[in-house]
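Let's have the full structure, built from the sequences with the hints guiding it.
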Amino acid sequence: MEVRVQNIRKEFGRFPALNDVSLDIRSGELIALLGPSGSGKTTLLRLIAGLESPTEGTVFFGDEDASRKTVQQRNIGFVFQHYALFRHMTVLDNVSFGLTIRPADRRPSNAEIRRRAGELLDLVQLSGLEKRYPAQLSGGQRQRVALARAMAVEPNVLLLDEPFGALDAQVRKELRRWLREIHDRTGHTTVFVTHDQDEALELADRVVVMSKGKIEQIGTPDEIYDTPNSPFVFGFIGQSNMLPVRIENGQLWMGDQPVGVGAPGEADGAAHLYFRPHDIELLDGEGSISGTVVVTRRVAGTRHVELDIGATGTKVEIELPPEKFTSDRARIAFRPTRWKLFRT
Amino acid sequence: MSARTAPLWQFRQPSVLPGFGLALGVTLTWLVLIILIPLSGLAWRSSALGWATFLELATDQRTINALRISFGTALAAALVNVVFGVILAWVLVRYRFPGKRLVDAMVDLPFALPTAVAGIALTTLYAPNGWIGSLLSPLGIKIAFTPLGIVFALVFVGLPFVVRTVQPIMEEIDKEVEEAAATLGANRFQTIRRVLLPGLAPAVLTGFALAFARGVGEYGSVIFIAGNLPYVSEIAPLLIVIRLEEFNYPAATAIAAVMLMISFAMLLIINMIQAWSRRRYGYGA
Amino acid sequence: MAHEAVPNTGSGNTELVRVATSESRLARYGLIGLALGFVALFLVLPLAAVFTEAMRNGPGEFLTVLSDPETFAAIRLTLLVAGIAVPLNLVFGIAAAWAIAKFEFRGKAFLTTLIDLPFSVSPVISGLVFVLLFGSHSLAGPFLQSHGIQILFAVPGIVLATVFVTFPFVARELIPLMQEQGTSDEEAALSLGASGWQTFWYVTLPNIKWGLLYGVLLCNARAMGEFGAVSVVSGHIRGLTNTMPLQVEILYNEYNFVAAFAVATLLALLALVTLVLKSLLEMKYSEQIAASRRH
Numbered sequence: 001m002e003v004r005v006q007n008i009r010k011e012f013g014r015f016p017a018l019n020d021v022s023l024d025i026r027s028g029e030l031i032a033l034l035g036p037s038g039s040g041k042t043t044l045l046r047l048i049a050g051l052e053s054p055t056e057g058t059v060f061f062g063d064e065d066a067s068r069k070t071v072q073q074r075n076i077g078f079v080f081q082h083y084a085l086f087r088h089m090t091v092l093d094n095v096s097f098g099l100t101i102r103p104a105d106r107r108p109s110n111a112e113i114r115r116r117a118g119e120l121l122d123l124v125q126l127s128g129l130e131k132r133y134p135a136q137l138s139g140g141q142r143q144r145v146a147l148a149r150a151m152a153v154e155p156n157v158l159l160l161d162e163p164f165g166a167l168d169a170q171v172r173k174e175l176r177r178w179l180r181e182i183h184d185r186t187g188h189t190t191v192f193v194t195h196d197q198d199e200a201l202e203l204a205d206r207v208v209v210m211s212k213g214k215i216e217q218i219g220t221p222d223e224i225y226d227t228p229n230s231p232f233v234f235g236f237i238g239q240s241n242m243l244p245v246r247i248e249n250g251q252l253w254m255g256d257q258p259v260g261v262g263a264p265g266e267a268d269g270a271a272h273l274y275f276r277p278h279d280i281e282l283l284d285g286e287g288s289i290s291g292t293v294v295v296t297r298r299v300a301g302t303r304h305v306e307l308d309i310g311a312t313g314t315k316v317e318i319e320l321p322p323e324k325f326t327s328d329r330a331r332i333a334f335r336p337t338r339w340k341l342f343r344t
Numbered sequence: 001m002s003a004r005t006a007p008l009w010q011f012r013q014p015s016v017l018p019g020f021g022l023a024l025g026v027t028l029t030w031l032v033l034i035i036l037i038p039l040s041g042l043a044w045r046s047s048a049l050g051w052a053t054f055l056e057l058a059t060d061q062r063t064i065n066a067l068r069i070s071f072g073t074a075l076a077a078a079l080v081n082v083v084f085g086v087i088l089a090w091v092l093v094r095y096r097f098p099g100k101r102l103v104d105a106m107v108d109l110p111f112a113l114p115t116a117v118a119g120i121a122l123t124t125l126y127a128p129n130g131w132i133g134s135l136l137s138p139l140g141i142k143i144a145f146t147p148l149g150i151v152f153a154l155v156f157v158g159l160p161f162v163v164r165t166v167q168p169i170m171e172e173i174d175k176e177v178e179e180a181a182a183t184l185g186a187n188r189f190q191t192i193r194r195v196l197l198p199g200l201a202p203a204v205l206t207g208f209a210l211a212f213a214r215g216v217g218e219y220g221s222v223i224f225i226a227g228n229l230p231y232v233s234e235i236a237p238l239l240i241v242i243r244l245e246e247f248n249y250p251a252a253t254a255i256a257a258v259m260l261m262i263s264f265a266m267l268l269i270i271n272m273i274q275a276w277s278r279r280r281y282g283y284g285a
Numbered sequence: 001m002a003h004e005a006v007p008n009t010g011s012g013n014t015e016l017v018r019v020a021t022s023e024s025r026l027a028r029y030g031l032i033g034l035a036l037g038f039v040a041l042f043l044v045l046p047l048a049a050v051f052t053e054a055m056r057n058g059p060g061e062f063l064t065v066l067s068d069p070e071t072f073a074a075i076r077l078t079l080l081v082a083g084i085a086v087p088l089n090l091v092f093g094i095a096a097a098w099a100i101a102k103f104e105f106r107g108k109a110f111l112t113t114l115i116d117l118p119f120s121v122s123p124v125i126s127g128l129v130f131v132l133l134f135g136s137h138s139l140a141g142p143f144l145q146s147h148g149i150q151i152l153f154a155v156p157g158i159v160l161a162t163v164f165v166t167f168p169f170v171a172r173e174l175i176p177l178m179q180e181q182g183t184s185d186e187e188a189a190l191s192l193g194a195s196g197w198q199t200f201w202y203v204t205l206p207n208i209k210w211g212l213l214y215g216v217l218l219c220n221a222r223a224m225g226e227f228g229a230v231s232v233v234s235g236h237i238r239g240l241t242n243t244m245p246l247q248v249e250i251l252y253n254e255y256n257f258v259a260a261f262a263v264a265t266l267l268a269l270l271a272l273v274t275l276v277l278k279s280l281l282e283m284k285y286s287e288q289i290a291a292s293r294r295h
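For the record, the sequence lines run as chains A, D and S.
When we follow my numbering, the leftmost residue of the first sequence carries the number 1, and every step to the right adds one.
When we follow my numbering, the leftmost residue of the second sequence carries the number 1, and every step to the right adds one.
When we follow my numbering, the leftmost residue of the third sequence carries the number 1, and every step to the right adds one.
The set of hints was computed from the structure by calculation and includes no laboratory data.
There's no promise every hint is true.
As the list claims (entries may be wrong) - Think about it this way: if two alpha-carbon atoms lie no more than 20 Å apart in a straight line, the pair counts; the simulated SDA-like pairs of lysine to any residue are: (1) D/100 with S/31; (2) S/108 with D/274; (3) A/131 with D/105; (4) D/175 with D/87; (5) D/100 with S/286; (6) A/69 with A/2; (7) A/212 with A/197; (8) D/100 with S/37; (9) A/212 with A/229; (10) A/69 with S/286; (11) A/173 with A/197; (12) A/340 with A/230; (13) S/108 with D/26; (14) A/69 with D/189; (15) S/278 with D/107; (16) S/278 with D/99; (17) S/209 with S/197; (18) S/284 with D/105; (19) A/315 with A/282; (20) A/324 with A/295.
What the hints assert, rightly or not - What follows is a list of derived Cβ distance ranges for each label pair: (21) D/55 with S/237: 30 to 38 Å; (22) A/166 with D/265: 40 to 48 Å; (23) S/34 with D/52: 46 to 54 Å.
To be verified - Listed next, the stretches of chain D that the computed footprint assigns to chain A, with coverage defined by at least 3 CB atoms under 8 Å from CB atoms of chain A: (24) 113–125; (25) 196–205.
Remember, it's a predicted structure, so these values are computed and weren't measured experimentally.
For glycine and all other residues, C-beta sits at the position ideal for the given N, C-alpha and C.
Structure (structure tokens):
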């Protein structure tokens, strides 16, 4: 089921949580809403669910205007950060809930409900725990029950609100991988909200980067990482460095130092140069950015070097293969190999 | 030289805080003097009766009727309080309306008001010539001086128990759980019936048991409105008082012992409900 | 957790959203009406009856009644009894809470249950136990008689019965509160060189002052209003062994309704003051008290 969000605006009192947001979600895709807190990502998710209503704009499920429908009528599956399991019901009853409360004409038989719930519990690898109560489960198990419960109603779209936010780092990693598997097996259109970019980039088919109630960029993880189209996205995703530069005759200058990078065809003026710590090559001598080594750290397979650049004391962090860095080097010169310019 | 080993059985864990001996000493002394000696006096006097006499006194027809009236009216009142207590708690926790703070404070009135005052006030209301009684007697409905009057008095007395036990649990209901039920297709009625109310069951049970236990032993608010007709509207505590005035200590003792045993059983049940609920669901009442 | 409806600026779709987490307006008003009706019938009306009946013959008579010597004696006795019972149980409550909340020892749960006993005992039985203990037919009876000591049908008996009935109030409030607070504050004080009493006075007491006041308030309300237990031990000797609640009963049974309600009004006023103070205390320290309410 494809979902289309059209010119959504949502105000809480005077505060605009979402400002003219439009988004097309393809049927069967796993899409992430990524952003810092306050970006509006959870509000957008809840609007799709029907747990909030927009101040302006519409939500379409397929061709139908879902804004006309209550949350019960939209047939969605929602997974909450803190599971929201029904504490007084067993795991089996929790998962069966959506089916048991259906009106008589749409309700499957009890045997059928039990079968379906059992299948789902198999799918989430919790068979054998049917009779347990939520209080007797671990966090990871509870979230899996919540997912099974949401899937039981064969939802048009699965909506997950920071589903792994309340779990330990290790459990989070496992469940991430596992969610992708489940998605590939079942093919539900899935939207999940996260502030963890590793999660979004690892899991999603497409990522929607949001900030302050607006969509900054939509793209595949590769696109978002390699070709961010705004300073926010560049800075939010992965590591980045920013240098204030001047464009003159197609060359970039920092103060009176040439950066060693050309920007042909760009008009003169001030700009910000963004590049990633590992997109650099070391140079000897002139015509490049150079700085004094402030501190270095060994991180996994690379060495991170923090440099103090120029008179303004701007700090930059670069990554080098460990063998390229000899401890007696006090000054390092480099040039970015991949970068992006944003006008100020 | 042998090493000193810690005693195998420790009464208490060592602590740097002083005053344990003093505090426990005062506590135990006071406890023994005020509670244990008097209560064991009762226990001793009842056992001194001997089984046969005890049973005879306990199963005397008037006694049985009094016990039946006490327990029956307490049960009815506790049930009323369950229904309205839950509604009241719901309204206080979830809705806003003018005077809510006042109503919330008023719920504790039965705790604060002396029972004799409640007794005469209720009688004034429900006597045949009373404020409400006069409206009902043309319809042939008598409240005061009947067991129904006792029920009304016990509803007053037990009102705060269910409300105050259920309120904190209701305040903690996670809104997301309701939203989850809605996303799964449940309408409001289904959500309340299947998701919210069952979660309140332990608290409601506890509140019911507390209201019931209180109602069984209630004296002051009941004796004015009850009419106190033997076999009809005479409560067990009143019968104890009557027997005392007759200097019939054995009978008074026997009735008291029966009532105590049932009260302790109720206490036990309440504690068991709490423990079971904590184990099963991870939270108590 | 906020449950109140947040103003939702939706484009006429607010009704749809509402369905997720709240009832229809009709249902809401219905429930509120039902609740308020119940409260009006069972709480407000009786209270109103007390004040109205007391004033039935005008405020003049109300004041005359209160200056009647018997009534005056009853008021004095009530104050005396409360004045003894409350401080005693206050000291006990603090001692018990200190022992139970700050230390780990075997039998704690049992001790707590014992302390709660008077709560589950009918007031009449609370009085009965003292009759059995000190009455002329008891073991102690002849001894007391020969020494001219009168417990029953005299003030000491009333005090004892009241102490029994109000025994748990302060302890019940303090124990959960002090348990919540733990021992770290006291340990810190000790490590800084304070003695036990200094620690208690300067560290513990300020921490528990609201719970203490709360417990004293409830203890006092019960001490002044106790009827059943006192009725059994008092002997109803007018002017001597009648507390205010007993005086109410006597006047009422003599069909002296206005007088009975006049005395009742004083007690009702006491109850209202108790409720007001209770609300104030609750507002002041809602976190402390909420933690202790989860017994």
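**Pair hint outcome, residue 315 of chain A versus residue 282 of chain A [Cα-Cα no greater than 20 Å]** = Holds, at roughly 17 Å.
**Request:** Hint says 46 to 54 Å; check whether the CB-CB distance for residue 34 of chain S and residue 52 of chain D agrees.
**Result:** holds, 52 Å
**Message:** Run the distance test for residue 108 of chain S versus residue 274 of chain D: straight-line Cα separation, threshold 20 Å.
**Reply:** At roughly 18 Å apart (the allowed maximum being 20 Å), residue 274 of chain D and residue 108 of chain S satisfy the hint.
**Message:** For the stretch 196–205 of chain D, count the residues whose Cβ lies under 8 Å from any Cβ of chain A; is that count three or more?
**Reply:** Satisfied; 3 residues make the cut.
**Request:** Compare the distance between the alpha carbons of residue 212 of chain A and residue 197 of chain A with 20 Å, and conclude whether the hinted pair is satisfied.
**Result:** holds, 17 Å
**Message:** Holds or violated: residue 69 of chain A and residue 189 of chain D, Cα atoms, limit 20 Å.
**Reply:** Distance of about 18 Å is within 20 Å: holds.
**Prompt:** Is the hinted pair residue 100 of chain D and residue 286 of chain S satisfied, with a Cα-Cα distance of at most 20 Å?
**Reply:** holds, 17 Å
**Message:** Between the alpha carbons of residue 108 of chain S and residue 26 of chain D, is the straight-line distance 20 Å or under?
**Reply:** Holds, at roughly 15 Å.
**Item:** Cβ separation of residue 55 of chain D and residue 237 of chain S, checked against the hinted range 30 to 38 Å
**Value:** At 36 Å between Cβs, range holds.
**Prompt:** Would you say the stretch 113–125 of chain D counts as covered by chain A, given the rule of at least 3 residues with C-beta under 8 Å?
**Reply:** The restraint on the stretch 113–125 of chain D is violated, since only 0 of its residues have a Cβ under 8 Å from chain A and three are required.
**Asked** Regarding the pair residue 278 of chain S and residue 107 of chain D, is the alpha-carbon distance no greater than 20 Å?
**Response** holds, 12 Å
**Asked** Quick one: are residue 166 of chain A and residue 265 of chain D within 40 to 48 Å, going by C-beta?
**Response** The hint (40 to 48 Å, Cβ to Cβ) holds, given that residue 166 of chain A and residue 265 of chain D are roughly 42 Å apart.
When the structure is compared with the earlier hints, violations turn up for hints 3, 10, 24 and for no others.
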